[in-house]
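Residues per chain are reported as follows:
Protein chains: 2
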Amino acid sequence: MRIAILGSGLIGGKLGALFARAGHQVTFSYARSMDKLERLAAEAGNGARVGSPAQAAKGADVVLLAVHWSRIDDVLALAGDLSGKTIISCSLPMTNDDKALTVGHTSSGAEKLAAKIPQAHVVSAFSTTPGEVLFGVFEAKGRKPAPTLVYCGDDRKAKAIAAELIADLGFDPLDAGALWLARYVEPFSLLVASIAYDRGGGAEVSYRIERR
Amino acid sequence: MRIAILGSGLIGGKLGALFARAGHQVTFSYARSMDKLERLAAEAGNGARVGSPAQAAKGADVVLLAVHWSRIDDVLALAGDLSGKTIISCSLPMTNDDKALTVGHTSSGAEKLAAKIPQAHVVSAFSTTPGEVLFGVFEAKGRKPAPTLVYCGDDRKAKAIAAELIADLGFDPLDAGALWLARYVEPFSLLVASIAYDRGGGAEVSYRIERR
Numbered sequence: 000m001r002i003a004i005l006g007s008g009l010i011g012g013k014l015g016a017l018f019a020r021a022g023h024q025v026t027f028s029y030a031r032s033m034d035k036l037e038r039l040a041a042e043a044g045n046g047a048r049v050g051s052p053a054q055a056a057k058g059a060d061v062v063l064l065a066v067h068w069s070r071i072d073d074v075l076a077l078a079g080d081l082s083g084k085t086i087i088s089c090s091l092p093m094t095n096d097d098k099a100l101t102v103g104h105t106s107s108g109a110e111k112l113a114a115k116i117p118q119a120h121v122v123s124a125f126s127t128t129p130g131e132v133l134f135g136v137f138e139a140k141g142r143k144p145a146p147t148l149v150y151c152g153d154d155r156k157a158k159a160i161a162a163e164l165i166a167d168l169g170f171d172p173l174d175a176g177a178l179w180l181a182r183y184v185e186p187f188s189l190l191v192a193s194i195a196y197d198r199g200g201g202a203e204v205s206y207r208i209e210r211r
Numbered sequence: 000m001r002i003a004i005l006g007s008g009l010i011g012g013k014l015g016a017l018f019a020r021a022g023h024q025v026t027f028s029y030a031r032s033m034d035k036l037e038r039l040a041a042e043a044g045n046g047a048r049v050g051s052p053a054q055a056a057k058g059a060d061v062v063l064l065a066v067h068w069s070r071i072d073d074v075l076a077l078a079g080d081l082s083g084k085t086i087i088s089c090s091l092p093m094t095n096d097d098k099a100l101t102v103g104h105t106s107s108g109a110e111k112l113a114a115k116i117p118q119a120h121v122v123s124a125f126s127t128t129p130g131e132v133l134f135g136v137f138e139a140k141g142r143k144p145a146p147t148l149v150y151c152g153d154d155r156k157a158k159a160i161a162a163e164l165i166a167d168l169g170f171d172p173l174d175a176g177a178l179w180l181a182r183y184v185e186p187f188s189l190l191v192a193s194i195a196y197d198r199g200g201g202a203e204v205s206y207r208i209e210r211r
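For the record, the sequence lines run as chains A and B. Start counting the first sequence at 0; every next residue gets the next number (numbering that gives the first Met the number 0). Start counting the second sequence at 0; every next residue gets the next number (numbering that gives the first Met the number 0).
Excised from the complex, chain A in its bound form (with noise of 0.2 Å):
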């Protein structure tokens, strides 16, 4: 798949970096410098290119949002139109302070995006795991049972096409329903940030849900 990455900052970075060692076709864009995304395509190899968040989205078929809540707006402009394409969110909706959630209970940051732009599919996934644990699932992937990662969406295609991508990473992906479910994902997502960076013993954290 052609993979737009929008916010190449840790988690784009790390994302873009792994999704082109599966075999994709990942454009880095939205990076703090040009210097900065030449570097993580370099880095990641495999055909992995540089472009402007339009020049990546473009040719894309799935659009990985990766920004900080603060740079969506800036971002979504910058990319152009989106209609039809998969838009796979990890930004949670963050304050600035990346203390809290600015928004929850009633709505969540994957249901605002989606309503800003309502011609794309936007999945909400791989906000509930800290980047820190990614290039080990990776490097373990088909070592069972895998760690599990969630994903919510209201668009059929776009959530086949997430589940796709996160089997690519190692994780067993788990549908949890429509993207309102974000409203629990994205308070799960900060519950497992919490126990990798505020109660020690080191950020390598991932969770399995399943049946017994």
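Treat the hints as calculated values from the structure; they're not laboratory data. Among the hints, erroneous ones may be present.
The list treats identical chains as one, so a pair stands whether inside a single copy or across any two.
Simulated crosslink set (DSSO-like; lysine-lysine; CA at most 30 Å straight-line) [unchecked claim]: (1) 111 with 98; (2) 98 with 156; (3) 98 with 115; (4) 35 with 84; (5) 111 with 57; (6) 156 with 143; (7) 156 with 57; (8) 57 with 35; (9) 140 with 156; (10) 98 with 35; (11) 111 with 84; (12) 115 with 156.
Chain A is fixed; fit chain B onto it per the hints.
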């Protein structure tokens, strides 16, 4: 430990039975009928008793609160003085139709509860796992890896008690932090419940959160 069950419904009944099996002195209270309470105590065995909420709470080291959210004020009024006691709450702040949380994002049921009984020590636990899985986990106790059960609270001693009871039931207790983390734990409970009850495949769902 002497454990008062306030709310001997589906979850309270199961947890009480398992606490009794684990060797604790359990008193069931607050069900629809005295018959129901007597039946629960007989089934639980191991010296389990029945009583009024006040009788149950009076001599208890730990109070398990397992009522529907609409009954919180009623059961607290009946229980009497809970000063200094460890209160483990698995009561999610659900609407009367059980379709959504009544509070979230900027507060949580656990925090609302703690505000009602400021002299007691509230720990949020046992809401993140469906009742259907409890007996299976208990029977598999000692088998590794055990499923995780997260808990949170502000009082160190009360949390240690909760962790001990969680382990007694076969789970691996995971301290998620202070009581306000219930803002994340409660939505996570609904995420697990949605996976258990709305996605097909059976409700015997457990989870494990771990460092790699």
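Same-copy or cross-copy closeness of residue 57 to residue 35 [CA-CA at most 30 Å] | Within. Shortest intra-copy distance 21 Å satisfies the 30 Å Cα cut-off; inter-copy 64 Å does not.
For the identical chains here, do residue 140 and residue 156 meet the 30 Å Cα criterion within one copy, between copies, both, or neither?
-> Classified as within: same-chain Cα gap 24 Å, cross-chain 41 Å, threshold 30 Å.
How would you label the pair residue 98, residue 35 (within, between, both, or neither) given a Cα cut-off of 30 Å?
-> Within one copy, since 26 Å is at most 30 Å while 46 Å is not.
Within, between, both or neither, where residue 111 and residue 98 count as close if Cα-Cα is 30 Å or less | Answer is both: 19 Å inside a copy and 21 Å across each meet the 30 Å cutoff.
Should residue 156 paired with residue 143 be assigned to within, between, both, or neither, using CA atoms and 30 Å as the limit?
-> For residue 156 and residue 143, the Cα distance is within 30 Å only inside one copy (27 Å; across copies 37 Å).
Is it within a copy, between copies, both, or neither that the alpha carbon of residue 156 lies no farther than 30 Å from that of residue 57?
-> Within one copy, since 19 Å is at most 30 Å while 57 Å is not.
Please work out whether the CA atoms of residue 98 and residue 115 approach to 30 Å or closer within one copy, between two copies, in both situations, or in neither?
-> both (24 Å within a copy, 27 Å between copies)
Given a CA cutoff of 30 Å, do residue 111 and residue 57 count as a within-copy pair, a between-copy pair, both, or neither?
-> Answer is within: at 23 Å inside a copy they meet the 30 Å cutoff, but 49 Å across does not.
Can you give me the call for residue 115 and residue 156, within, between, both or neither, at a CA distance of at most 30 Å?
-> within (20 Å within a copy, 47 Å between copies)
Which holds for residue 111 with residue 84 at a C-alpha limit of 30 Å: within a copy, between copies, both or neither?
-> Within. Shortest intra-copy distance 17 Å satisfies the 30 Å Cα cut-off; inter-copy 42 Å does not.
Given a CA cutoff of 30 Å, do residue 98 and residue 156 count as a within-copy pair, a between-copy pair, both, or neither?
-> Result: close only across copies, 27 Å inter versus 34 Å intra.
Intra- versus inter-copy proximity for residue 84 and residue 35 (alpha-carbon distance at most 30 Å) = Close inside one copy (26 Å), not across copies (55 Å); limit 30 Å.
Of the numbered hints listed earlier, not one is contradicted by the structure.
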